[in-house]
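Trainee: Using the sequences and the hints given, assemble the complete structure.
Mapping to the working numbering: the sequence shown position 211 is 211, numbers consecutive.
Note that these hints are calculated values from the structure, not bench results. Some clues are possibly wrong.
As the list claims (entries may be wrong) - Below, a list of computed lysine to aspartate or glutamate pairs in the DMTMM-like style, where the Cα atoms sit at most 20 Å apart:
1) Lys-262 to Glu-90
2) Lys-22 to Asp-257
3) Lys-22 to Glu-90
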Amino acid sequence: RISCNKPFSGKQSSFCDDYILKYLLITSTLLFTVLGLVTLVVGLWGLINKESFAQEKISGIGTDPMLLFMFLGLILALLSLMGCVGALRENMCLRTFSAIILVLLEVQVLAVAVLYSLQGQIENYLRSGMLAAMVRYQDDLDLRFIIDEIQTGLQCCGADTYRDWGINVYFNCSAPGVQACGVPPSCCIDPLENGTVWNSQCGVGAQQLDEFSAQSVIFLGGCLGSISRWINQHSGVIVMVVIILLGVQILTLFITDRLLQKIRWSRAQHAVYLQSLQ
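Mentor: Below is the structure:
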């Protein structure tokens with residue numbers, strides 16, 4: 001029996017190193033399997049909670065963002081489980097796992113490079129995307145939730161200014177409804193009535209107010225500026241997270257390659273042994 005706490009030969013040291021790497025890979029893939037399953041459950045919970053499986057809504061389920069959560073969770077869980085089983089059983093399933101990780105790593109590096117090269121145009125893309133989402137604010141519950149979270153979390157209103165909400169047919173000043181010339185309640189500085197109830201009328205008529213009067217009711221600044229400031233303030237953390245994620249994947253590739261070498265060496269030794277018996 002080999003003990004990794006005592007002096008030993010080079011072969012014994014290699015055995016202990018491979019043993020540690022093997023169970024390090026098993027532990028990490030198990031954690032990512034759990035993360036994938038949690039993401040899958042969140043997506044499924046979202047679909048069930050919004051009654052997306054109801055007969056009248058089933059036709060639009062293909063565009064539901066919760067379906068993306070389910071898909072990503074399932075892929076992550078299956079991929080991680082594949083790596084875990086391959087490491088545990090020490091079979092060539094690790095080769096497929098390694099190939100997929102390599103492809104994903106290349107895609108992520110390419111995505112980072114593209115984002116870096118297009119950083120001057122990203123703001124225009126964000127503006128176009130947010131304005132398009134604002135147009136569909138009343139018709140798409142998922143987009144409404146995302147926009148409300150952005151405006152509430154970043155304390156902003158509209159893309160560049162609160163008057164951007166005139167692009168929406170319900171908030172346009174020529175609209176016939178009560179929401180005409182208004183903004184969503186997520187633009188309000190204090191959207192809660194008595195601290196508990198969501199006041200859906202707090203932004204009514206806000207577009208008709210001048211900035212001095214409006215600043216006591218709603219957030220005046222657009223969300224693009226808030227997003228830009230948030231990214232600048234947290235750029236160090238973002239870069240660190242990206243480096244850590246890429247580093248973990250590179251380390252996983254290294255461990256997997258080492259285990260694959262061990263498997264090939266063991267099979268070669270077994271083949272030589274069988275030949276010696278003949």
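Trainee: Each hint should be assessed against the structure and marked as holding or not.
Mentor: Status of each hint after checking the structure:
With a CA separation close to 9 Å, the supplied pair Lys-262 and Glu-90 stays within the 20 Å bound. For the suggested pair Lys-22 and Asp-257, the alpha carbons sit about 11 Å apart, so the restraint of at most 20 Å is met. Of the supplied pair hints, the one linking Lys-22 and Glu-90 holds, its CA atoms being roughly 9 Å apart against a limit of 20 Å.
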